[in-house]
Amino acid sequence: MTSCSRNPQRIQVNYESGETHYVCEMKDSLMHGKCIEYYRDGTVKGESYYQDDTIQGEVILYHPDGSIKTRILYKDGKKNGQLTHYYSNGQVSETVLMVDGKRERQLTSYYENGSIHRISNYDHENRDGEEVEYYPDGTLALKREWVTVQKRYSDSLINLVNYEVEYDSLGNIISEMHHAEVELPDTVQLNDSLTIRVNFLKPHYQEAYIVVGDYDEQYHSKGTLELDTIQMVNNQATFQLKAHHLGENLKRAIICDYTKSILKDGGTNTTLTDYYFSFSFFVKSDTVI
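Residue numbers (this note's numbering): 1 to 289.
No wet-lab data here; the hints were simulated from the structure.
One thing to keep in mind: the hints can contain errors.
As a list, the in silico DSS-like pairs of lysine-lysine whose alpha-carbon atoms are at most 25 Å apart [to be verified]:
#: 1; residue 1: Lys45; residue 2: Lys69
#: 2; residue 1: Lys143; residue 2: Lys75
#: 3; residue 1: Lys45; residue 2: Lys27
#: 4; residue 1: Lys69; residue 2: Lys102
#: 5; residue 1: Lys69; residue 2: Lys27
#: 6; residue 1: Lys27; residue 2: Lys79
#: 7; residue 1: Lys75; residue 2: Lys102
#: 8; residue 1: Lys34; residue 2: Lys69
#: 9; residue 1: Lys242; residue 2: Lys284
#: 10; residue 1: Lys27; residue 2: Lys78
#: 11; residue 1: Lys34; residue 2: Lys78
#: 12; residue 1: Lys75; residue 2: Lys34
#: 13; residue 1: Lys45; residue 2: Lys79
#: 14; residue 1: Lys45; residue 2: Lys34
#: 15; residue 1: Lys75; residue 2: Lys27
#: 16; residue 1: Lys75; residue 2: Lys45
#: 17; residue 1: Lys251; residue 2: Lys284
#: 18; residue 1: Lys102; residue 2: Lys79
#: 19; residue 1: Lys78; residue 2: Lys45
#: 20; residue 1: Lys102; residue 2: Lys78
#: 21; residue 1: Lys69; residue 2: Lys79
#: 22; residue 1: Lys79; residue 2: Lys34
Full structure from sequences and hints, please.
Quick look at the structure:
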């Protein structure tokens with residue numbers, strides 16, 4: 001619970017323990033003027049300005065030690081302009097351009113020592129194009145490409161990784177992954193098995209494991225998985241998946257490709273390449289209405 005008090009010129013909201021949470025100037029019962037937010041110990045947490053209950057102008061957020069944490073401009077209640085985050089030592093931690101509340105163009109994040117950590121590109125809040133990450137010493141750690149594709153049977157778009165390669169600190173490739181093209185029929189009957197053909201973008205090994213299920217944008221599993229071992233011929237792989245419910249079925253899959261060889265010193269050399277992809281299909285009723 002929080003407590004609130006107001007007079008014609010200002011409103012004050014307190015933490016449940018009684019300390020001031022924020023104080024805002026008022027006009028005609030609307031927030032109008034400066035608004036200050038506080039940490040529980042009374043240190044200023046943020047400063048902003050309102051015009052007729054809508055946030056306008058520069059907003060500054062502070063770390064508990066009083067150093068600046070964030071600076072951003074607002075226009076008509078939305079972030080517009082350069083958004084900059086800072087470490088408590090004053091070093092910039094991240095910068096990106098905001099347009100109508102959405103990230104646009106290049107986002108750059110930094111390590112606390114000032115070296116670049118990540119460079120990403122955005123288009124209307126969606127990651128787009130090349131993204132690179134570096135180790136603190138500046139060595140390339142990861143390179144990926146983002147693409148936006150349209151879902152079948154709808155106008156909505158999916159933002160996903162088309163290609164990614166990860167490096168160790170010596171520059172050696174640790175793993176690679178690629179988006180793959182999928183061929184499948186438009187519709188199937190309920191409880192039928194769906195045959196899907198995957199076309200790879202480059203030569204591939206002959207055996208892999210395919211994991212199919214419900215995934216989020218980062219391909220972290222959200223539901224039941226189905227595991228299958230598939231053989232690849234002429235750079236294509238075919239597997240079957242059972243339809244689960246009527247209407248649109250959107251699935252994401254990971255094909256994990258393993259190859260092992262024995263080294264002269266008795267050790268093993270393992271290469272792992274993951275192919276990530278999304279596919280959708282429509283399941284129609286097997287009952288005639």
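Hints versus structure:
no., hint, verdict
1, Lys45 x Lys69, "holds, 9 Å"
2, Lys143 x Lys75, "violated, 35 Å"
3, Lys45 x Lys27, "holds, 23 Å"
4, Lys69 x Lys102, "holds, 20 Å"
5, Lys69 x Lys27, "violated, 29 Å"
6, Lys27 x Lys79, "holds, 23 Å"
7, Lys75 x Lys102, "holds, 13 Å"
8, Lys34 x Lys69, "holds, 19 Å"
9, Lys242 x Lys284, "holds, 13 Å"
10, Lys27 x Lys78, "holds, 21 Å"
11, Lys34 x Lys78, "holds, 17 Å"
12, Lys75 x Lys34, "holds, 15 Å"
13, Lys45 x Lys79, "holds, 19 Å"
14, Lys45 x Lys34, "holds, 14 Å"
15, Lys75 x Lys27, "holds, 19 Å"
16, Lys75 x Lys45, "holds, 21 Å"
17, Lys251 x Lys284, "holds, 17 Å"
18, Lys102 x Lys79, "holds, 8 Å"
19, Lys78 x Lys45, "holds, 20 Å"
20, Lys102 x Lys78, "holds, 9 Å"
21, Lys69 x Lys79, "holds, 16 Å"
22, Lys79 x Lys34, "holds, 17 Å"
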